[in-house]
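Chain L is fixed; fit chain P onto it per the hints.
Each protein sequence line maps, in turn, to chains L and P.
As numbered in this note's numbering, residues 34 to 146 make up the first sequence, in order.
As numbered in this note's numbering, residues 162 to 274 make up the second sequence, in order.
Take the hints with a grain of salt, since some may be wrong.
[Unchecked claim] Below, in silico cross-link-like pairs of lysine-lysine (PhoX-like), each with a Cα-Cα straight-line distance of 25 Å or less:
1) P:205 to L:101
2) L:75 to P:170
3) P:259 to P:205
4) P:175 to P:205
5) P:170 to L:34
6) L:101 to L:34
7) L:34 to L:75
8) P:259 to L:133
9) P:175 to L:133
Hint data in this document are derived by calculation from the structure and do not stem from the laboratory.
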Amino acid sequence: KQEVTQIPAALSVPEGENLVLNCSFTDSAIYNLQWFRQDPGKGLTSLLLIQSSQREQTSGRLNASLDKSSGRSTLYIAASQPGDSATYLCAVRGMDSSYKLIFGSGTRLLVRP
Amino acid sequence: NAGVTQTPKFRILKIGQSMTLQCTQDMNHNYMYWYRQDPGMGLKLIYYSVGAGITDKGEVPNGYNVSRSTTEDFPLRLELAAPSQTSVYFCASSQQGKDSPLHFGNGTRLTVT
Chain L
34 KQEVTQIPAA LSVPEGENLV LNCSFTDSAI YNLQWFRQDP GKGLTSLLLI
84 QSSQREQTSG RLNASLDKSS GRSTLYIAAS QPGDSATYLC AVRGMDSSYK
134 LIFGSGTRLL VRP
Chain P
162 NAGVTQTPKF RILKIGQSMT LQCTQDMNHN YMYWYRQDPG MGLKLIYYSV
212 GAGITDKGEV PNGYNVSRST TEDFPLRLEL AAPSQTSVYF CASSQQGKDS
262 PLHFGNGTRL TVT
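This is chain L alone, in the form it adopts within the complex (with noise of 0.2 Å):
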């Protein structure tokens, strides 16, 4: 049974910092693996796909990085901004299970000015 697990559950830094947020899985047979950012009584947004034949995906100031054979992936925020405080959650779908994907339970950022 795929398990998704986020860690730390929450980080606060200074702004300006470069971070870096895991998610690990437990079946590497994935499909795809998504990051996801949730604010606080909203739904969540979608950042950054990352395809099981790739390595990585950009967009802006986040790097998604995936590693399927370790199980890891690594969302990379760089020059972190007040902007940035929200929950990020990683999901992954598996091979076998064409619409379910399998949430972590995110970790919550807090950039400080």
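Below, chain P without anything else, positioned relative to chain L:
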């Protein structure tokens, strides 16, 4: 450009009552999903639909029902509300299945007492 719209935003139910959570999307997406998010946890799939007239169970379907009579609408029905159904419910849609990112609504916060 509304995206995915959910109503109501908040609701309090008594045990045994029933209600329908509404979800509509204006992006002409074929795929729609219902998730629940419990405090400090990731999201779990309740039901999904790959097109009008087609629905299927997700991970946690017990106590819920859905219908998909149009491409735009995907309501979620709770027939006999139980305290275990206290949660935040998110509706999502995607253009295709496995390869497309999900677009989420802002959620419905439901409390059953």
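Among the hints numbered above, which are violated by the structure, and what are their numbers in rising order?
As far as the earlier hints go, 5, 7, 9 are violated by this structure, in ascending order.
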